[in-house]
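Protein sequences, first through last, are from chains A and B. All residue numbers for the first sequence refer to this note's numbering, where the first residue is 1 and numbers rise by one. All residue numbers for the second sequence refer to this note's numbering, where the first residue is 1 and numbers rise by one.
These are computed hints drawn from the structure, not numbers from a lab. Every residue, glycine too, gets a C-beta built ideally from N, C-alpha and C. Just to be clear, a hint being listed does not mean it is correct.
Claimed, not checked - Here are the simulated EDC-like cross-link-like pairs (lysine to aspartate or glutamate), alpha carbons at most 20 Å apart as the crow flies:
id	chain 1	residue 1	chain 2	residue 2
1	B	324	B	231
2	A	49	A	279
3	A	141	B	231
4	A	139	B	213
To be verified - So the derived list for chain A, only partly shown, Cβ under 10 Å to chain B, looks like this:
id	residue
5	26
6	167
7	351
8	368
Chain by chain, the residues:
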Amino acid sequence: MTARKSSSQTTLENQPSSSLPSSQLSRADRLQIFNQLYLARYFDIRLIKEKKRGRLRGTLYSSHNQEAILVGSLFGLKPTDWISPIHRDMPAFFLKDARSGLENPNRMGMSIEQVCCQVWGRVDSPGRARDNWSHIGSKEKHIIHSTSMLAGTIPVAAGVMLADRLNGGDAVCLTYNGEGSTAQGVFHEAVNFAAVRKLPVVTIIENNQWAYGTPVSLECPTEDVARRADGYGILGLVADGQDVFDVYDKVMMAVDHARSGLGPSIVECKTFRAYGHGDHDDDRANKYRPNQEVMEGRSRDPIAICRRKLAALGDLDGASETAYWAEGKSASEATNDDFPPEVVEYLERGIQFALNSAVPDGNEGEQWVFADSEVSR
Amino acid sequence: MSASQTLESPKKQYLNALRDAIDEELSLNPDLICLGEDIGLLGGAFGVTEGLQAKYGTDRVFDMPISEAAIIGTAVGAALNGKTVMAEMQFIDFISCGFDQIVNMLATYHYRTAGEVSMPIVVRGPAGAYGGGALYHSQMNEAWFCNAPGLKVVCPSTPADAKGLLTASLRDPNPVLFFEIKELYRKREIEEEIPSHHIVRLGEAAIRRFGSDITLVSYGQNVYHCLQAADELVKEGINAEVIDIRTLVPLDEDTIFASLEKTNRLIVVNEAPMTCGFAGEIIARVSEKAFHLLDAPPVRITRLDTPVPWAKPLELHVLPSVEKIVNLAKRLVAF
């Protein structure tokens, strides 16, 4: 995949690989990235298993096969940068600022306990289980709270960044969106405004080829969704969403571009939705999508691609190279033995915490409609 | 009339009172920013923000593209990151273009974050009919927002209230939808002196005229129709009490109930259409909570369930009028 050429865009073609941001990553960084792919995959697989056991209510929106987009885009951020994840980005909440240490309570990301409490609908969720699934956030941790309205947080991200610049900050904000949401009017309004004001908003498009039951060809008239950037005169890049290092490179270029005052961008990450829109749709998705397309889409597993790259770089010794093998396995096929034990233990802790957290009292349903007002400041 | 002319008079027009409120808050609250279409260079289509960009700079008062959803969304993001925001809708009719951002993003923010994030945002704009603005420059769409929990809804009818309610709104930690009556912006007859730093608490109605025979409840420019009707009714020996609710959400029910203790008769007047309009909400609450006070059916006078048409006879036909109020009041008192 290559970036598209235009007068306002950075081109990545012919760029020596030694100048790419990922060439600066250490072996330890790369192994951490590999581990984070496992974390994201295990989170997804484990929740599906829990749901099948009847221990969860609500719909799951799987990020299976799309983990490289989350891991690759988040890894290079500064802790104080902002993100705005949506429904298929659940692991982003605990992967944000994971480099500061997953167990570090002061890191600028959510703990796995908080995320599990949200999934299980417990009071220790950041939103006290008032809205479901990915509709959480944290002002303190710089995570914008999403709604179900697609592209609806892009103008919010623009506003957050506007305030940041007025306050003399240098943060950037990553907003995550499906390719389908680029057809929303608010997408245009927000990207246009961000472009006019050169706000540091990086709009990541997770192009997984399907907006629920509608193929991308019926949602967007161009081969690359990133070409929408041309209309705003902003940077538009295309990444291989299955290759965590390509995602890292393209997003870091967009982040540096934004942080240096050159404005917003669209980074399209090409991927494939491995299963249904939500878990309720898994069976139907096998009917409305051609089987061959599904098989091909699942064949480029981001964990396998990362493993091959690490092996080629000599990062993996013989034993660790093949010790765990989650790639290519569905939720029903994969077992705990396919994942590093620390990954399983991390999530297990989150789940046990959630199961011990209370469900909210019904009376909370009528609380917090309004903030307490005082006439005088 | 320009800003400099009005400064020579101690009396303030409704529009200047609004500008004074924003001006004072910009000077007091360094976190306040103002955004909207044409509010900077031009000073707003009606001039409410005239001179404020020159005074406070383009970081505090600035123009937005014609993108109401982005205006509201940007306000939400700025508030999430510590700002207080005044967002202008050029006409309140255009607020529908930002409807999703208001009802789903803004109104729910405090609720869905269990109080973590409050949204000190005022969305204000010119509203109301009787001026020949036709379908898309005449609306009173306040009821849409009263049906979205989390929003306060305000509609001043006097210059002092315009100042005092806008000041209170700009200091409220909740989102406030602020309906300004453009027909009152420069109305000389209602000019009045207003003390600086004047505040009117949200959720307190005002009794504009005391009476004992019937209660007329309204807000916005219909308050003046009620007052004129009350003058007419005196000739018939009927003393009408006129209540200006000023704030729809939260609603000061007590002032209405207290009035009904005396009058036992109620007419509610609003220029929005009848079905699911706010007049119906007031009547429902009175029926539920104060039915025992009523000696006659509570009734409403609203716009017919039509858009606001352009030609004057058409417009006046569908809107509430002094004549309609007088006629209905006489029938109710005789009930």
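Against the structure, the hints come out as follows:
1. Restraint check for residue 324(B) and residue 231(B): satisfied, since their Cα atoms lie roughly 14 Å apart, inside the 20 Å limit.
2. For the given pair, residue 49(A) sits about 11 Å from residue 279(A) by alpha-carbon distance, which is consistent with the 20 Å threshold.
3. A threshold of 20 Å between alpha carbons decides the hint, and for residue 141(A) with residue 231(B) the separation of about 60 Å lies outside it, so the pair is violated.
4. This hinted pair does not check out: residue 139(A) and residue 213(B) have alpha carbons roughly 54 Å apart, beyond 20 Å.
5. Residue-level restraint check for residue 26(A) is violated (minimum Cβ-Cβ distance to chain B is 33 Å; threshold 10 Å).
6. Checking residue 167(A) against chain B by beta carbon gives a least distance of about 7 Å; that is within 10 Å, so the hint holds.
7. Evaluation of the residue 351(A) hint against chain B yields a violated restraint, the C-beta minimum of about 22 Å exceeding 10 Å.
8. Checking residue 368(A) against chain B: minimum C-beta separation of about 5 Å stays under 10 Å; hint holds.
Comparing the model with each numbered hint stated earlier shows that hints 3, 4, 5 and 7 do not hold.
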